[in-house]
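Position chains B and C against the provided structure of chain A, taking the given hints into account.
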Amino acid sequence: MSVEDRLKELGIELPEAAAPAANYVPTVRTGNLLYVSGQVPQRDGVLVKGQCGNGMSVEDAAAAARLCGLSLIAQVKRAAGDLDAVRVVKLNGFVNATGDFGDHPAVINGASDLMVEVFGDKGRHARSAVGSSSLPFGVAVEVEGIFEIG
Amino acid sequence: MSVEDRLKELGIELPEAAAPAANYVPTVRTGNLLYVSGQVPQRDGVLVKGQCGNGMSVEDAAAAARLCGLSLIAQVKRAAGDLDAVRVVKLNGFVNATGDFGDHPAVINGASDLMVEVFGDKGRHARSAVGSSSLPFGVAVEVEGIFEIG
Amino acid sequence: MSVEDRLKELGIELPEAAAPAANYVPTVRTGNLLYVSGQVPQRDGVLVKGQCGNGMSVEDAAAAARLCGLSLIAQVKRAAGDLDAVRVVKLNGFVNATGDFGDHPAVINGASDLMVEVFGDKGRHARSAVGSSSLPFGVAVEVEGIFEIG
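Protein chains in written order, with the working numbering: chain A, 54 to 203; chain B, 54 to 203; chain C, 54 to 203.
What the hints contain is simulated information worked out from the structure, not anything from laboratory work.
Source: prediction; values computed, not measured.
There's no promise every hint is true.
[Unchecked claim] Selected chain C positions facing chain A (Cβ under 7 angstroms, derived; list incomplete):
hint, residue
1, N76
2, V81
3, S90
4, G91
5, F147
6, L188
7, G191
Where a beta carbon is used, it is the ideal one built from N, C-alpha and C, also for glycine.
Excised from the complex, chain A in its bound form:
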């Protein structure tokens, strides 16, 4: 099954790939690697804000990480066209979190699980998950990625 068909079967609609915000761009390709800028969680154009350990639940933060993942895939699609030729290499997840929070892996699983749902075995990736004292605009999660293009 093609990745596009799998997206349909999963009922996943990719968001609009956000346009360049400044002198940086959403994606840069070098060789067969595509570097995707850090994506922040948006739902219907509204940023998902919050801090783990300070009122935001792990479940809500994981849902935000999934939204970051959807934006990553949308950027890859815009840059690469054909999602069937794509393999996920690396995700770096930054969780807006207080000093006593410890469930960063469960949060970033929101993005990791999405990659395997969408890309199957080619969605299994290396990863880091760490805490950030704060994130742009107060968002709960930021996830960046490196993808291989066939």
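Structure of chains B and C alone, referenced to chain A:
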């Protein structure tokens, strides 16, 4: 116009590329990718310290990020020699910031804008900007980079 | 001397390479680059927890970073087999640290020094060291790496 000529036109003088500090080195090249270690902001040999959300303004932090960018370019020049063969692939910017700070993108623009001033279209890069609870020696910003060499 | 012989001479026994924890995997190879997921410090199966600036000394945190480094090497060995064909390209070190901590480089030296002990000149790498407001399960350090193979 060559990148060196553009640097002159912009009145930009690159700092001395800092020597290896320990068992890590400023740059490693693999294939045509050059990984540059995280650079901290220095002005005339003095570190720029401070924390956003705790007394340091966005403008001052962006100026510090620009200094990190200058050091990145100095390291690339030392490693690659010819700056005309260089393309900026990725920057990762870490902002020393408290929990309620949210202007990380504006801070890291200090480095991003410099790349486009210096390298033109080849300076447009993928990027992440996140908050760090603290940074080495109390500096305000740390920026690392990946560059492609022609 | 082979890397395996050097490990023996140094009296270093690699830990068990941790199995995949979720939909992410310990390593992904693309071309001749091996991306290794962020490793957390374990001693005899027990996580090393703590926060710099809040009770954990630089020495103890550097020892934890060395444990992360051992896990990185164990993952590389599992993925690549022959350690003699390995070169360390990049380490990213995240230190669980309060806002007034500034000795991140000394902490991450625990991992950097290990790489040069084990791999010699091929262990000299580019690096970043930053503070995190918190890390998974409250560990003191997390280190990820990029390695070149053969």
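Outcome of the hint check:
no. : hint : in the structure
1   : N76  : 4 angstroms, holds
2   : V81  : 4 angstroms, holds
3   : S90  : 4 angstroms, holds
4   : G91  : 3 angstroms, holds
5   : F147 : 5 angstroms, holds
6   : L188 : 6 angstroms, holds
7   : G191 : 5 angstroms, holds
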